[in-house]
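> Could you build the full structure based on these sequences and the hints that come with them?
Line by line, the protein sequences are chains A and B. According to the numbering used here, the first sequence is numbered sequentially starting from 1. According to the numbering used here, the second sequence is numbered sequentially starting from 1.
Each hint should be verified, as a subset may be incorrect.
Claimed, not checked - Partner residues aside, some chain A positions facing chain B, computed with beta carbon under 10 Å:
{"#": "1", "residue": "G128"}
{"#": "2", "residue": "N533"}
{"#": "3", "residue": "N559"}
As the list claims (entries may be wrong) - Calculated lysine-lysine pairs in the PhoX-like style (CA-CA distance at most 25 Å, straight line):
{"#": "4", "chain 1": "B", "residue 1": "K51", "chain 2": "B", "residue 2": "K38"}
{"#": "5", "chain 1": "A", "residue 1": "K75", "chain 2": "B", "residue 2": "K34"}
{"#": "6", "chain 1": "A", "residue 1": "K75", "chain 2": "B", "residue 2": "K55"}
{"#": "7", "chain 1": "B", "residue 1": "K169", "chain 2": "A", "residue 2": "K143"}
{"#": "8", "chain 1": "A", "residue 1": "K314", "chain 2": "A", "residue 2": "K16"}
{"#": "9", "chain 1": "A", "residue 1": "K622", "chain 2": "A", "residue 2": "K643"}
{"#": "10", "chain 1": "A", "residue 1": "K154", "chain 2": "A", "residue 2": "K86"}
{"#": "11", "chain 1": "B", "residue 1": "K212", "chain 2": "B", "residue 2": "K34"}
{"#": "12", "chain 1": "B", "residue 1": "K57", "chain 2": "A", "residue 2": "K75"}
{"#": "13", "chain 1": "B", "residue 1": "K51", "chain 2": "B", "residue 2": "K256"}
{"#": "14", "chain 1": "B", "residue 1": "K150", "chain 2": "B", "residue 2": "K196"}
{"#": "15", "chain 1": "A", "residue 1": "K45", "chain 2": "A", "residue 2": "K231"}
{"#": "16", "chain 1": "B", "residue 1": "K169", "chain 2": "A", "residue 2": "K154"}
{"#": "17", "chain 1": "A", "residue 1": "K157", "chain 2": "A", "residue 2": "K94"}
{"#": "18", "chain 1": "B", "residue 1": "K38", "chain 2": "B", "residue 2": "K181"}
{"#": "19", "chain 1": "B", "residue 1": "K169", "chain 2": "A", "residue 2": "K203"}
{"#": "20", "chain 1": "B", "residue 1": "K88", "chain 2": "B", "residue 2": "K51"}
{"#": "21", "chain 1": "B", "residue 1": "K169", "chain 2": "A", "residue 2": "K94"}
{"#": "22", "chain 1": "B", "residue 1": "K196", "chain 2": "B", "residue 2": "K38"}
{"#": "23", "chain 1": "B", "residue 1": "K256", "chain 2": "A", "residue 2": "K203"}
{"#": "24", "chain 1": "B", "residue 1": "K214", "chain 2": "B", "residue 2": "K181"}
{"#": "25", "chain 1": "B", "residue 1": "K196", "chain 2": "A", "residue 2": "K207"}
{"#": "26", "chain 1": "B", "residue 1": "K183", "chain 2": "B", "residue 2": "K212"}
{"#": "27", "chain 1": "A", "residue 1": "K94", "chain 2": "A", "residue 2": "K154"}
Claimed, not checked - Computed footprint of chain B on chain A; a stretch qualifies when at least three of its residues, placed anywhere within it, have a C-beta under 8 Å from a C-beta of chain B:
{"#": "28", "region": "108 to 117"}
{"#": "29", "region": "478 to 488"}
{"#": "30", "region": "540 to 546"}
{"#": "31", "region": "560 to 572"}
The set of hints was computed from the structure by calculation and includes no laboratory data. Keep in mind that this is a model prediction, so the values were computed, not measured. For every residue, glycine included, the Cβ atom is placed at its ideal position computed from N, Cα and C.
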Amino acid sequence: MNAIKKTKNATNAFAKNWANFIIKFKWPVLLLTILLALGLGSQGKMEFDGDYHVFFSESNPELEAFDALQEKYTKDDNVIIVLAPKNGDVFTRKNLIAIEELTAEAWNTPYSSRVDAVTNFQHTSANGDDLYVDDLSYDSANKTDAEIREIREKALKEPLLVHRIINTEGSVTAINITVRLPGENSAAEIPEVTIATREMIAKFQEKHPEFDVYTTGLVPLNTAFFESAQKDLMLTMVMLLIVVIVTLILTRNLFATLATLIVVIFSIISAMGFVGLNGIKLTPPSAVFPTMILTLAVADSIHILITFLQKVRKDGLDKKAALVESMRMNFMPVFITSLTTVIGFLTLNYGDVPPFWDLGNTVAFGMCMAFLFSTTTLPALMAIFPIWKSKKVQKQTTPKISGYTRLGEYVVGQPVKLTVISLAVIGMLAYLASKNVFNDEFVEYFDTTVQFRQDSDFINENLTGFYNVEFSVGSGESGGINNPEYLQKLNQFEDWLNEQPEVVHVNAFSEVARRVNRSMHGDDESFYRVPDNREEAAQYLLLYELSLPFGLDLNNQINVDKSESRVTVTLENNSSAEMIAFAERSEKWLRDNAPEAMHSLGVSPTLMFSKLGFRQAESMFKGNIIALLLISLVLMIALRNVKLGLLSIIPNVTPVLVGFGLWYLLKGTINTGMVIVFGMTLGIIVDDTVHFMSKFLRARRELGYDAKDAIIYAFETVGKALVTTTAVLLAGFVVLSTSSFALNSYMARITVIIIVAALIIDFILLPSLLILVSKEKKEAVSASKVQVQLDK
Amino acid sequence: MRKSKFLIAIFSAFFTVAVGFSQSAEERGLQIAKAAEKADEGFGSSIVELKMTLKNKNGQTSERFLTTQTLELTEDGDKSLIVFESPKDVKGTATLTFTHKVGADDQWLYLPSIKRVKRISSNNKSGPFVGSEFAYEDLSSQEVEKYAYKFLKAEGELLLVEQDPVDPKSGYTRRVVTYNKDKGYRLEKVEFYDRKNALLKTLTYSDYKLYKNKFWRALTFNMVNHQSNKETLLNFGEYNFGAELAEEDFTEVALKRVGR
Numbered sequence: 001m002n003a004i005k006k007t008k009n010a011t012n013a014f015a016k017n018w019a020n021f022i023i024k025f026k027w028p029v030l031l032l033t034i035l036l037a038l039g040l041g042s043q044g045k046m047e048f049d050g051d052y053h054v055f056f057s058e059s060n061p062e063l064e065a066f067d068a069l070q071e072k073y074t075k076d077d078n079v080i081i082v083l084a085p086k087n088g089d090v091f092t093r094k095n096l097i098a099i100e101e102l103t104a105e106a107w108n109t110p111y112s113s114r115v116d117a118v119t120n121f122q123h124t125s126a127n128g129d130d131l132y133v134d135d136l137s138y139d140s141a142n143k144t145d146a147e148i149r150e151i152r153e154k155a156l157k158e159p160l161l162v163h164r165i166i167n168t169e170g171s172v173t174a175i176n177i178t179v180r181l182p183g184e185n186s187a188a189e190i191p192e193v194t195i196a197t198r199e200m201i202a203k204f205q206e207k208h209p210e211f212d213v214y215t216t217g218l219v220p221l222n223t224a225f226f227e228s229a230q231k232d233l234m235l236t237m238v239m240l241l242i243v244v245i246v247t248l249i250l251t252r253n254l255f256a257t258l259a260t261l262i263v264v265i266f267s268i269i270s271a272m273g274f275v276g277l278n279g280i281k282l283t284p285p286s287a288v289f290p291t292m293i294l295t296l297a298v299a300d301s302i303h304i305l306i307t308f309l310q311k312v313r314k315d316g317l318d319k320k321a322a323l324v325e326s327m328r329m330n331f332m333p334v335f336i337t338s339l340t341t342v343i344g345f346l347t348l349n350y351g352d353v354p355p356f357w358d359l360g361n362t363v364a365f366g367m368c369m370a371f372l373f374s375t376t377t378l379p380a381l382m383a384i385f386p387i388w389k390s391k392k393v394q395k396q397t398t399p400k401i402s403g404y405t406r407l408g409e410y411v412v413g414q415p416v417k418l419t420v421i422s423l424a425v426i427g428m429l430a431y432l433a434s435k436n437v438f439n440d441e442f443v444e445y446f447d448t449t450v451q452f453r454q455d456s457d458f459i460n461e462n463l464t465g466f467y468n469v470e471f472s473v474g475s476g477e478s479g480g481i482n483n484p485e486y487l488q489k490l491n492q493f494e495d496w497l498n499e500q501p502e503v504v505h506v507n508a509f510s511e512v513a514r515r516v517n518r519s520m521h522g523d524d525e526s527f528y529r530v531p532d533n534r535e536e537a538a539q540y541l542l543l544y545e546l547s548l549p550f551g552l553d554l555n556n557q558i559n560v561d562k563s564e565s566r567v568t569v570t571l572e573n574n575s576s577a578e579m580i581a582f583a584e585r586s587e588k589w590l591r592d593n594a595p596e597a598m599h600s601l602g603v604s605p606t607l608m609f610s611k612l613g614f615r616q617a618e619s620m621f622k623g624n625i626i627a628l629l630l631i632s633l634v635l636m637i638a639l640r641n642v643k644l645g646l647l648s649i650i651p652n653v654t655p656v657l658v659g660f661g662l663w664y665l666l667k668g669t670i671n672t673g674m675v676i677v678f679g680m681t682l683g684i685i686v687d688d689t690v691h692f693m694s695k696f697l698r699a700r701r702e703l704g705y706d707a708k709d710a711i712i713y714a715f716e717t718v719g720k721a722l723v724t725t726t727a728v729l730l731a732g733f734v735v736l737s738t739s740s741f742a743l744n745s746y747m748a749r750i751t752v753i754i755i756v757a758a759l760i761i762d763f764i765l766l767p768s769l770l771i772l773v774s775k776e777k778k779e780a781v782s783a784s785k786v787q788v789q790l791d792k
Numbered sequence: 001m002r003k004s005k006f007l008i009a010i011f012s013a014f015f016t017v018a019v020g021f022s023q024s025a026e027e028r029g030l031q032i033a034k035a036a037e038k039a040d041e042g043f044g045s046s047i048v049e050l051k052m053t054l055k056n057k058n059g060q061t062s063e064r065f066l067t068t069q070t071l072e073l074t075e076d077g078d079k080s081l082i083v084f085e086s087p088k089d090v091k092g093t094a095t096l097t098f099t100h101k102v103g104a105d106d107q108w109l110y111l112p113s114i115k116r117v118k119r120i121s122s123n124n125k126s127g128p129f130v131g132s133e134f135a136y137e138d139l140s141s142q143e144v145e146k147y148a149y150k151f152l153k154a155e156g157e158l159l160l161v162e163q164d165p166v167d168p169k170s171g172y173t174r175r176v177v178t179y180n181k182d183k184g185y186r187l188e189k190v191e192f193y194d195r196k197n198a199l200l201k202t203l204t205y206s207d208y209k210l211y212k213n214k215f216w217r218a219l220t221f222n223m224v225n226h227q228s229n230k231e232t233l234l235n236f237g238e239y240n241f242g243a244e245l246a247e248e249d250f251t252e253v254a255l256k257r258v259g260r
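In structure tokens form, the structure reads like this:
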């Protein structure tokens, strides 16, 4: 016990010496911290990366499978430009000319390797032994009305076009630009493509106002990621304003507000330096780091400042003494809460989604720096600034029974009843929480204010789907795609896929084989089937390939060895669970109906995102357990009480259950961004528990109160502080919840619920539990005279 | 002594400039192309076997074997006949092409599986040849009339000429061709720029062999696609200039005959 007392005195002495040192050397300390912040800040580089690949770790098996497929065929991303002529008919001379123009222009897109449009579709026809392969509509300006009618007829009959490039009514058409990004610097390549296509579209719209133009595709998706990251970074400004207002209200002191502002800005600048030094490229999830740091860092300063100002205003201490006293009282709590927050954010590294690693590490670093600046720059600044004593000092000294005291009394009166009710409510919500389902639909990551979402929705409703699944179907032998058995199975697979309700379009090599076979038999419809002789199939294919133009070859559909072909299935918008179920159903069909060589796994960016939430949840599970263990351990040490440390798990874990339970009632689907909230909020909400329990223990140990009085004491001393810090946190996360990007906004929204739930639980369930637990071992606890240094 | 050297340098500089002015870059480019055509004139006909190796960026390869017969014509473009020896399922498939100095080429294909000759009426020559990095237009007879020329620069014996295809359906905006002036204007390298004027492919010729003391033939063609990182290698066997092929060896009937 002596030893413990000694450590307590030692920490108190350390905090005192620290404060004295800082006050004595206020100018050098200030200068040094300014240099540190600016030094780190000078390394800061805010680079954005919108490539959707950033969401997947290198070891992600879905990404590996998708990359492997792209290696076999062509590695490509796309821009889909959708044209809806206002007259409702694509097939007029004027409109076809415009489409032809835009198609030609689209070839100039940086990194483009292929442009598919209705006009340059390679139409095959036969006349005796002459085979014609040509653009469906070339030189449209010189087409007669009859020819244009014929083009319309052909296009609307063409399975490769309908639901992909043209809708069934012929009123909406697409130009699909395939780009092959070198992938050396996606932060530069993607904007290059975007700028070029936007310029092209702007020019087109100026010249052809008779078209409505919509854009979607993987490159616009990446751009949307990129732009929402930049937009979310701007939320920092809003938060900064809120910080100023909140600090001004709480401290009613201009200098204190200024000092807080300097501390949080230094913390952010340092974190930016961290981003620059580590070469982190910002993505939508990681771009919110300044707002998070602001939200979390401001609490440190506020704690220290409020005590300082109280000591000056109420207790009439002089500036220096008040500062030393405030530092002595707050050093440990600020340290512990910073530590738990850092632990919470560092556990994001356990997840499988790299942008959240960046977020976790950057915020953790920012929090370390916030701790440093709050305990150096802040006291140094306050030592330098003059202090203006307020005249209202006396008024405030009159004590009155606060709401917190009354709440304490109420809770103390019925601990059993409150425990039972709380646990029942929590139990019910925990049950509901388990009914949430994962859903990572990347189109829905963006809310309807985002252009990309609006355009994608239009395209989904009027032309084709944005979601797809791809299969690389092998034949098991070189040149085997011409084997009639393979072609027939592939054809059956194609037919089966077309029968599935969610399927919008299927692009399979068997369709090419059928089409060419028909042309080789004088366009006889009865030959619209796969050839039944291998040599025939191979030679027809050779002939067909020889007649295709630049960029419109089959290399994106068959591999070099002609041993495998690619099946691309376009789907209507589906939830993650439906996507995964569809892929599994298709894989099963191949297993049940096709030889082993043809078995294949479905892959696609859509599917990768669909599985991302599950993968993240799975990998975060371990991280969450570790966070819980570490934070509970920190609590046990801080409180010097194993039992209460263990008890603290209840108020720390249950808010998350409550949060997800209420979320089920609100929304019911969770995305990847929300998986991280357990570890993250744990580090934040634990502060409430720490403060409440330490005051409770202090009352029992130092003041000799019984459990009930100790609870009321705790309410009186920290009730207001907890409400204020919760208010600051709420402000921060409410700001984040306005993000148009769902990974951020959902995460922020559930965090808001969890933080409120945490406060309620700490005010109702925690005190009830403390009373119930204390009853059994009354003597044991009161016998102990251990003091807690978390305390005033 | 030193003075005279200096004077010579001055004179030669003036001379170069004067020549440069008297002849535009376009004229000089065309002149070089014509000189190259002239240098290869008179070979009559040739037969050569070749192996085509396709490589993707992971190094996986796939091979095809072909035989090419060429008949030189001066009035119009050359005629050529390509027979596929492998893969097995296309063995005996053969193409017959009449290149034309102006307008689209004529092309027929013999399919042994159905024992018929099909005529391909297509203006498309820009697509990949049997899945390789060569477009049909890269392999067909290089008629002078198919391009507009612009001389770029000389690097020792190497002359660089830009060639812009006349055909609007070509996959290229331009090619930069390196001729070797001292070696019968043989080609050393061709760089292909795609429609957006980005470097797409580079074709390098090597293992040159001189036949009949006049005709340079590269026995290795290496085409590298810089955008897809795929590459195609052509390895030629010995050229046979002695077969003395004639027009009747380049007809639909002949096509059926060679294509067994």
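> Hint by hint, note whether the structure agrees.
Here is how each hint holds up against the structure:
The restraint placing G128 of chain A at the interface with chain B holds, with a minimum CB-CB distance near 9 Å, inside the 10 Å limit. Below 10 Å, beta-carbon pairs count as interface contacts, and N533 of chain A has one with chain B at about 6 Å; its hint therefore holds. Evaluation of the N559 of chain A hint against chain B yields a held restraint, the C-beta minimum of about 8 Å falling below 10 Å. Restraint check for K51 of chain B and K38 of chain B: not satisfied, since their Cα atoms lie roughly 28 Å apart, outside the 25 Å limit.
Between K75 of chain A and K34 of chain B, the direct Cα distance comes to roughly 41 Å. Violation of the 25 Å bound is thereby established for this hinted pair. At most 25 Å may separate the alpha-carbon atoms for a hinted pair to count; K75 of chain A and K55 of chain B meet this at roughly 15 Å. Distance check on the hinted pair: K169 of chain B and K143 of chain A sit about 18 Å apart at the alpha-carbon level, within 25 Å; holds. Distance restraint check for K314 of chain A and K16 of chain A: the Cα-Cα separation of roughly 21 Å lies within the 25 Å cut-off, and the hinted pair is therefore satisfied.
Between K622 of chain A and K643 of chain A, the direct Cα distance comes to roughly 24 Å. Compliance with the 25 Å bound is thereby established for this hinted pair. Restraint check for K154 of chain A and K86 of chain A: satisfied, since their Cα atoms lie roughly 22 Å apart, inside the 25 Å limit. Proximity of K212 of chain B to K34 of chain B is assessed by CA-CA distance (about 21 Å); at most 25 Å being required, the pair is judged to hold. A C-alpha spacing of about 11 Å is found between K57 of chain B and K75 of chain A, which places the hinted pair at or below 25 Å, so the restraint holds.
Note on K51 of chain B and K256 of chain B: the hinted pairing holds, with a Cα-Cα distance of about 22 Å set against a maximum of 25 Å. Between the alpha carbons of K150 of chain B and K196 of chain B the distance comes to roughly 19 Å, so the proposed pair stays at or under 25 Å and holds. Distance restraint check for K45 of chain A and K231 of chain A: the Cα-Cα separation of roughly 17 Å lies within the 25 Å cut-off, and the hinted pair is therefore satisfied. Distance restraint check for K169 of chain B and K154 of chain A: the Cα-Cα separation of roughly 22 Å lies within the 25 Å cut-off, and the hinted pair is therefore satisfied.
Simply put, K157 of chain A and K94 of chain A have alpha-carbon atoms about 22 Å apart, close enough for the 25 Å limit, and the pair holds. Note on K38 of chain B and K181 of chain B: the hinted pairing holds, with a Cα-Cα distance of about 12 Å set against a maximum of 25 Å. For the proposed pair K169 of chain B and K203 of chain A, the alpha carbon gap of about 24 Å is at most 25 Å, so the pair holds. The hinted pair formed by K88 of chain B and K51 of chain B meets the criterion: a straight-line CA distance of about 14 Å does not exceed 25 Å.
The suggested pairing of K169 of chain B with K94 of chain A holds, with an alpha-carbon distance near 22 Å, which does not exceed 25 Å. For the proposed pair K196 of chain B and K38 of chain B, the alpha carbon gap of about 33 Å is over 25 Å, so the pair is violated. A C-alpha spacing of about 53 Å is found between K256 of chain B and K203 of chain A, which places the hinted pair above 25 Å, so the restraint is violated. Only pairs whose Cα atoms come within 25 Å are accepted, and K214 of chain B paired with K181 of chain B is accepted, the gap being roughly 13 Å.
Restraint check: the Cα-Cα separation between K196 of chain B and K207 of chain A comes to about 22 Å, which is no more than 25 Å; the hinted pair holds. Pair hint K183 of chain B plus K212 of chain B holds up; C-alpha atoms about 14 Å apart against a cutoff of 25 Å. For the hint linking K94 of chain A to K154 of chain A, the alpha-carbon distance of about 18 Å falls within 25 Å, and the restraint holds. Counting residues of the region 108 to 117 of chain A whose beta carbon lies closer than 8 Å to any beta carbon of chain B gives 6, which reaches the threshold of three, so the coverage claim holds.
Under the rule that three or more residues need a Cβ within less than 8 Å of chain B, the assignment of the region 478 to 488 of chain A holds, with 3 such residues. Closer than 8 Å: that is the beta-carbon criterion, and the region 540 to 546 of chain A has 5 residues meeting it against chain B, so the requirement of 3 holds. With 3 residues bearing a CB less than 8 Å from a CB of chain B, the region 560 to 572 of chain A meets the requirement of three and the coverage assertion stands.
Taken one by one, the earlier hints fail for this structure at numbers 4, 5, 22, 23, listed in ascending order.
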